[in-house]
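I would like the entire structure built from these sequences, with the hints used as guidance.
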Amino acid sequence: MADFSTPWLTIVWNDPVNLMAYVERVFRRYFGYPQGEAHRLMMLVHTEGRAVVASGPREEMERHVEAMHEYGLQATVAKDDA
Amino acid sequence: MTRVRAEGTGVRVDFAEGEAGILAGLAEQLAEIVDDERDPARGRMLPSAYPDDAEADAEFRRWTTSDLVDRKAAAARRLAARLHADESSALLDPDEADGWARTLTDLRTALASRLGIETDDDAVPNTTPGAVYEWLGQLQWTLIEALDELDGIAPTEIALPDGIEHADTDDDDDDADAHDDRRDDDEGGAAPSGGAR
Numbered sequence: 001m002a003d004f005s006t007p008w009l010t011i012v013w014n015d016p017v018n019l020m021a022y023v024e025r026v027f028r029r030y031f032g033y034p035q036g037e038a039h040r041l042m043m044l045v046h047t048e049g050r051a052v053v054a055s056g057p058r059e060e061m062e063r064h065v066e067a068m069h070e071y072g073l074q075a076t077v078a079k080d081d082a
Numbered sequence: 001m002t003r004v005r006a007e008g009t010g011v012r013v014d015f016a017e018g019e020a021g022i023l024a025g026l027a028e029q030l031a032e033i034v035d036d037e038r039d040p041a042r043g044r045m046l047p048s049a050y051p052d053d054a055e056a057d058a059e060f061r062r063w064t065t066s067d068l069v070d071r072k073a074a075a076a077r078r079l080a081a082r083l084h085a086d087e088s089s090a091l092l093d094p095d096e097a098d099g100w101a102r103t104l105t106d107l108r109t110a111l112a113s114r115l116g117i118e119t120d121d122d123a124v125p126n127t128t129p130g131a132v133y134e135w136l137g138q139l140q141w142t143l144i145e146a147l148d149e150l151d152g153i154a155p156t157e158i159a160l161p162d163g164i165e166h167a168d169t170d171d172d173d174d175d176a177d178a179h180d181d182r183r184d185d186d187e188g189g190a191a192p193s194g195g196a197r
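Protein sequences, first through last, are from chains A and B. Note that the working numbering has the first sequence beginning at 1, numbered continuously upward. Note that the working numbering has the second sequence beginning at 1, numbered continuously upward.
No lab work stands behind these hints, which were simulated from the structure alone. Treat the hints with care, as some may be off.
To be clear about the criterion: a stretch of chain B counts as covered by chain A if any three or more of its residues have a C-beta under 8 Å from a C-beta of chain A, and this derived list gives those stretches [stated by the list, open to error]:
#1 48 to 58
#2 103 to 109
#3 113 to 119
Quick caveat, the model's predicted, so the values are computed rather than measured. From the three backbone atoms N, C-alpha and C, an ideal C-beta is built for every residue, glycine too.
Given below as structure tokens:
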């Protein structure tokens, strides 16, 4: 059953194909993050292997993930179990 | 080699002899690959949104795959058509240039699938397809740099010491074993090695 109080996450994963500058640009242009935050998130993907780039309702996260796939990034939807 | 730069409110791409034709051919192949359900490269362009939940994955794919495939194929065909129309030089508006950047990622993803590049530790093979893979990366990188310049983002904020190097898997990490012969200069991505120019 849907639990409306549980936020969902959009996670972007590191991959060997995408250029760092490209990933940073996608975060800035698509999510509207300021340059510094886009850079921080990109570096998280690069160094930690993944980063949570958005949280909220499941349908919204699915739209984000579909958009990330259109940009060619590796992205998944996850439940925030923390 | 093909040159990319910001010009006015757009991005100017001046193609080196023959390179527009190569790129158009690759984009046409890409449009076919994304329509071919049996092609593993297609699968790599359509990763699972729910790797641990087969049911949710299937549901997500039911709602998204067809549209995604159509958009990727259409973008690749638009790129090819533009290249056939403007073989030596093209002035792109920012939206079209961002579209090119997306298609370049899809092209590199398809090539990575063919070349067995699965992780950052996999070297780009010293072959013609490997050189094409690096050339596409260089083209995308200069395109992004020009687009960021239009947005007022200085290249120095983007061109981190290991920026282009990481992306092309050339090593400034500590895995300096396998592919010394492909090692780039240390100039931060001005010219990845490889022979496609």
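Now the hints, each set against the structure:
no.: 1; hint: 48 to 58; verdict: holds (count 5)
no.: 2; hint: 103 to 109; verdict: holds (count 4)
no.: 3; hint: 113 to 119; verdict: holds (count 3)
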